[in-house]
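Colleague: Residue numbers (this note's numbering): 1 to 162.
None of these hints come from the bench; they were simulated from the model.
These figures come from a predicted structure and were not determined experimentally.
Do not take every clue at face value.
[Said to hold, decoys possible] Ranges between beta-carbon positions, derived for each pair:
1. Trp-128 <-> Gly-77: 27 to 35 Å
2. Leu-95 <-> Leu-17: 20 to 28 Å
3. Asp-20 <-> Pro-64: 21 to 29 Å
Cβ atoms here follow ideal geometry from the backbone N, Cα and C, with glycine treated the same way.
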Amino acid sequence: MSDGVSDLAVQARRLGLAGDFAAGHALIDQAERLAGDDPTARALCAIERGRLYNSAGEREKARPLFEEAWQLARQAGAHALAVDAAHMMAIVGTLGDAVQWTEAALAYIDEHPRAAFWRAALLNNLGWSYFGSQMHWQSSSRRSHSAARLARNASCVSRATP
Numbered sequence: 001m002s003d004g005v006s007d008l009a010v011q012a013r014r015l016g017l018a019g020d021f022a023a024g025h026a027l028i029d030q031a032e033r034l035a036g037d038d039p040t041a042r043a044l045c046a047i048e049r050g051r052l053y054n055s056a057g058e059r060e061k062a063r064p065l066f067e068e069a070w071q072l073a074r075q076a077g078a079h080a081l082a083v084d085a086a087h088m089m090a091i092v093g094t095l096g097d098a099v100q101w102t103e104a105a106l107a108y109i110d111e112h113p114r115a116a117f118w119r120a121a122l123l124n125n126l127g128w129s130y131f132g133s134q135m136h137w138q139s140s141s142r143r144s145h146s147a148a149r150l151a152r153n154a155s156c157v158s159r160a161t162p
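Given only the sequences and the hints, what does the whole structure look like? Please build it.
Modeller: Following this line, the structure appears as structure tokens:
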């Protein structure tokens, strides 16, 4: 994947967080042209365009982009990017979707330990999803579980890093 695609994606995310969605989409348009047929670059573009839509409150437009990114990233062997896409699917969906996509991401991490650094964030986000659904006992349990797995992930990452 070219650095140009990555740089444009980072800039687009920054613009989206600042609320300048039109400028962010324009940068993703440029990044998509640079991405060509590269599935990793296309996955990154899909995730970042989806984030722009999500930040603008347009979850229904974001969801298919995150699904596309999930497929492309797995096809490309871009494991962390695949987990990022699943993580975003969990965020834009219902509580049931959050559970399903978090479980899918955790199973994927079990097969691809270099993406293990995502575990704690996934579990934390799921805890917040339970909390937002007034399932406080589940959210507390998930966040505690998240903290324990974070310590485990630190050792997984250090073992997986060459």
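Colleague: Work down the list of hints and note, for each, if the structure agrees.
Modeller: Status of the hints after comparison with the structure:
1. Trp-128 <-> Gly-77: 27 to 35 Å: Cβ of Trp-128 to Cβ of Gly-77: about 30 Å, so the range 27 to 35 Å holds.
2. Leu-95 <-> Leu-17: 20 to 28 Å: holds (25 Å)
3. Asp-20 <-> Pro-64: 21 to 29 Å: holds (23 Å)
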